Amino acid sequence: MSEFPTENAGWRPPPTIMAISVVMPALEMAQESGKLVAWRKKEGESVTKGETLLEIETDKAVMEIEAPGDGVLAGVKVQEGAVVPVGQTIAWIVRPGEVPPPETSPSESGRRMDAVPARPATASSKIAQTPDMQGGRISPKARRLARERGVDIRSLRGSGPDGAILTEDVLAAAESPQQPSSPKAETLGPVARLMAERTTQSWTTVPHFFVVREIDAGALNQARERLGPAIEKAHGLRPTHTDLLVALLGRVLPKHPRMNASWTGDTIRLNPQVNVAIAMAVEDGVVAAVIPDTDKLEVGAIAVQRRDVTERARAGRLRPADIAGATFTISNLGMYRVDAFSAIITPPQAAILAVGSIADRVVPVTGQPGIRPMMTLTLSCDHRVVDGARAALFLNDLADALREPEKWLR
Amino acid sequence: MPEAVQRELTFAQAVREALAEEMRRDSRVCIFGEDVAEAGTPFKVLSGLVEEFGTERVIDTPISEAGFTGLGVGAAMTGLRPVVDIMFGDFITLTMDQMVNQAAKVHYMSGGKWKVPMVMRTTLGATRRSAAQHSQSLHAWFSHVPGLKVVLPSTPYDAKGLLKTAIRDENPVVFFEDKMMYKLKGPVPAEDYTIPFGVADVKRAGDDITLVATSSMVQVALGAATLLDEVGISAEVIDPRTTWPLDEKTLIESAKKTSRVIVVDEGYGRYGVTAEIASVIAEGAFYDLDAPVKRMGAMHVPIPFSPVLEDVTVPTEHTVFEAARALCRRS
Numbered sequence: 000m001s002e003f004p005t006e007n008a009g010w011r012p013p014p015t016i017m018a019i020s021v022v023m024p025a026l027e028m029a030q031e032s033g034k035l036v037a038w039r040k041k042e043g044e045s046v047t048k049g050e051t052l053l054e055i056e057t058d059k060a061v062m063e064i065e066a067p068g069d070g071v072l073a074g075v076k077v078q079e080g081a082v083v084p085v086g087q088t089i090a091w092i093v094r095p096g097e098v099p100p101p102e103t104s105p106s107e108s109g110r111r112m113d114a115v116p117a118r119p120a121t122a123s124s125k126i127a128q129t130p131d132m133q134g135g136r137i138s139p140k141a142r143r144l145a146r147e148r149g150v151d152i153r154s155l156r157g158s159g160p161d162g163a164i165l166t167e168d169v170l171a172a173a174e175s176p177q178q179p180s181s182p183k184a185e186t187l188g189p190v191a192r193l194m195a196e197r198t199t200q201s202w203t204t205v206p207h208f209f210v211v212r213e214i215d216a217g218a219l220n221q222a223r224e225r226l227g228p229a230i231e232k233a234h235g236l237r238p239t240h241t242d243l244l245v246a247l248l249g250r251v252l253p254k255h256p257r258m259n260a261s262w263t264g265d266t267i268r269l270n271p272q273v274n275v276a277i278a279m280a281v282e283d284g285v286v287a288a289v290i291p292d293t294d295k296l297e298v299g300a301i302a303v304q305r306r307d308v309t310e311r312a313r314a315g316r317l318r319p320a321d322i323a324g325a326t327f328t329i330s331n332l333g334m335y336r337v338d339a340f341s342a343i344i345t346p347p348q349a350a351i352l353a354v355g356s357i358a359d360r361v362v363p364v365t366g367q368p369g370i371r372p373m374m375t376l377t378l379s380c381d382h383r384v385v386d387g388a389r390a391a392l393f394l395n396d397l398a399d400a401l402r403e404p405e406k407w408l409r
Numbered sequence: 000m001p002e003a004v005q006r007e008l009t010f011a012q013a014v015r016e017a018l019a020e021e022m023r024r025d026s027r028v029c030i031f032g033e034d035v036a037e038a039g040t041p042f043k044v045l046s047g048l049v050e051e052f053g054t055e056r057v058i059d060t061p062i063s064e065a066g067f068t069g070l071g072v073g074a075a076m077t078g079l080r081p082v083v084d085i086m087f088g089d090f091i092t093l094t095m096d097q098m099v100n101q102a103a104k105v106h107y108m109s110g111g112k113w114k115v116p117m118v119m120r121t122t123l124g125a126t127r128r129s130a131a132q133h134s135q136s137l138h139a140w141f142s143h144v145p146g147l148k149v150v151l152p153s154t155p156y157d158a159k160g161l162l163k164t165a166i167r168d169e170n171p172v173v174f175f176e177d178k179m180m181y182k183l184k185g186p187v188p189a190e191d192y193t194i195p196f197g198v199a200d201v202k203r204a205g206d207d208i209t210l211v212a213t214s215s216m217v218q219v220a221l222g223a224a225t226l227l228d229e230v231g232i233s234a235e236v237i238d239p240r241t242t243w244p245l246d247e248k249t250l251i252e253s254a255k256k257t258s259r260v261i262v263v264d265e266g267y268g269r270y271g272v273t274a275e276i277a278s279v280i281a282e283g284a285f286y287d288l289d290a291p292v293k294r295m296g297a298m299h300v301p302i303p304f305s306p307v308l309e310d311v312t313v314p315t316e317h318t319v320f321e322a323a324r325a326l327c328r329r330s
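Just so you know, the sequences run in chain order A and B. Going by numbering that gives the first Met the number 0, the first sequence wraps up at 409, each residue one higher than the last. Going by numbering that gives the first Met the number 0, the second sequence wraps up at 330, each residue one higher than the last.
Hint data in this document are derived by calculation from the structure and do not stem from the laboratory. This one's a predicted model, so the numbers in the text were calculated from it and none came from an experiment. Glycine is no exception: its CB is placed at the ideal position from the N, C-alpha and C atoms. Be a bit skeptical, because a hint or two may be false.
To be verified - Pairwise CB distance ranges, derived in the manner of DEER restraints:
id, chain 1, residue 1, chain 2, residue 2, range
1, B, 278, A, 78, 30 to 38 Å
2, A, 167, B, 34, 23 to 31 Å
3, A, 42, B, 281, 52 to 60 Å
4, A, 167, B, 317, 25 to 33 Å
5, A, 44, B, 143, 49 to 57 Å
6, A, 162, B, 310, 32 to 40 Å
7, A, 44, B, 110, 49 to 57 Å
8, A, 162, B, 229, 50 to 58 Å
Excised from the complex, chain A in its bound form (with noise of 0.2 Å):
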């Protein structure tokens, strides 16, 4: 039996069309697709211009995005969960009572992709289960069984004619004890993902090396406690080691530039900003968040942004600005009783400090043992943009500033 389109038979395009397209935005370079994370109005609500009208996942962070007009959001194509291509419509803003435009009218804004294939990035997008299999067929009796017992048809080979997967091959599949798809996998979120190629890009191609410096944290320990009580009064939080630790790599960086360069594949850019990145864990894997200017916030300024930026990045709700810019990261193992670890450089830029816990050492103080708060520091550089005498007079520097922390951030 035909099914006529009647539901459109009667409509007509109004004379002028106002419709505004929303499309996936582009949000990164290189972004190809996006997830709808949610749409903050319903199909049919009225929206006005900047209002924030649906929040996207990229590879990096989730963040809002404004309606593009005023109007009413009609023709929602897309689901939440869903993954969308980057400039691809995934519904309009028309005036009341307008009839959204066919699926051939041309977006009027967003950039437009010559067919970006959806990244198959979630297991929960219903295209990624979709089995359409290279040549392969499975009858309706074997998809659906497929379905009920949780077998993956794509680790199965079919038994029927022309290699078409049957009950049989289903059923076989679902009694084995070894079913392909039963060892556990965990599907990887878009910030493990971003992780395992990110270290992996940057292990294999960067040429690291390292350099360790033991540190007396006394005088850390000491500014910390003596600068703590203004900062609170001031900002209402006192500042963590890894704050004074970013501040003083504020103070100190400028006086290295190639430490705050980047490789760019053939020259060494020396970024004239001082961007601190702090890497912190979140609950897939770690990202770092950029503390903008370091060079010119106090500390308690920087303890603020620090606590505004982790509770975004724990929530998942980082913006593209809170980890775009960085110019060298720091990565602070110390609360979970590390002693000391090499960490993987962030490409481009030149350099990462791993920063071990603050222990209690017996160590030589004026000629006789004694016990100070030791701490570890490791820099991991870039051989192509710094060397080892430039590490060593950068991470002399840092002791420095270390042994008289209050000095360098009067």
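Please build the complex by placing chain B on the supplied structure of chain A, with the hints as guidance.
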């Protein structure tokens, strides 16, 4: 079927017995047709009836199918229960206006005031070397028309029970007999019994594939099932017995059980009974099918007179067996 049944009749005898019993039971039942009286039809199905019931109730007509079918429709509307005999199913073409526009419509268009309790008995089936105008199986034509019931008995037992139901029905019924099956023997109870329309019969139970077969093809399917047994494939044979009303439930349930279906019917495959049944199964059992529903019917050609050629135009035990084996094949 009652277990005590031992008596065997041929298909033709079963039809004759049903007619005789109904004519004894109800004096309104009468027979119109060509060569139905003394000749007892060319297939000798009606032999003896005119002797018992006389030429008042077993009436030889001129060679005019349109005329005596119209006679039957009028007689039915005015109180008789005629059984109209159309010697070859190919001749139903001549009766179409009476059947399609009159018999099928009268009850509806008179607001229920008139009814047509008439049975048209006719034949189908090839391989009798009767050539293109005497060999067709045109039951799909009537199955297509609302207001007509279409019966396709496949055994002597079904023939007797279904013909009695047809004669007692208040609406026009077309009763197709396979002319090659008249000599087929089978158990038939001597007592009075009827078989309801719209109830399919599982002629043979099986697990691996369902063979839905009608009329002449039921015996073919049963033969194929025996061959399939030898290669380890268990075939279920289902006979819908009436194309309308159609027992969709039994067809779908069997398809769900076996996951594979072949529909075999001697009518032309294109736009035929097999198409309708395959569609019912595809809709009702789609998510339980492991293979496409296969249809087997008469080749889309005028049926040849040449015996060699005629034999290849219709499904046989061996072609059904091969098709079933292919459908169940593992690579």
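Structure-based check of all given hints:
1. Between residue 278 of chain B and residue 78 of chain A the CB atoms are about 33 Å apart, so this pair conforms to the stated range of 30 to 38 Å.
2. Our hint of 23 to 31 Å for residue 167 of chain A and residue 34 of chain B is violated, since their Cβ atoms are close to 56 Å apart.
3. The beta-carbon spacing between residue 42 of chain A and residue 281 of chain B, approximately 35 Å, falls outside the hinted interval of 52 to 60 Å.
4. Checked against the given bound of 25 to 33 Å, the beta carbons of residue 167 of chain A and residue 317 of chain B, roughly 26 Å apart, stay inside it.
5. Between residue 44 of chain A and residue 143 of chain B the C-beta distance comes to about 52 Å, which sits within the given range of 49 to 57 Å.
6. Our hint of 32 to 40 Å for residue 162 of chain A and residue 310 of chain B holds, since their Cβ atoms are close to 35 Å apart.
7. Restraint check, residue 44 of chain A to residue 110 of chain B: a C-beta distance of roughly 54 Å satisfies the suggested window 49 to 57 Å.
8. Distance hint for residue 162 of chain A and residue 229 of chain B: a CB-CB separation of about 27 Å, inconsistent with the stated range 50 to 58 Å.
Violated hints, in rising order: 2, 3, 8; the structure is consistent with all others.
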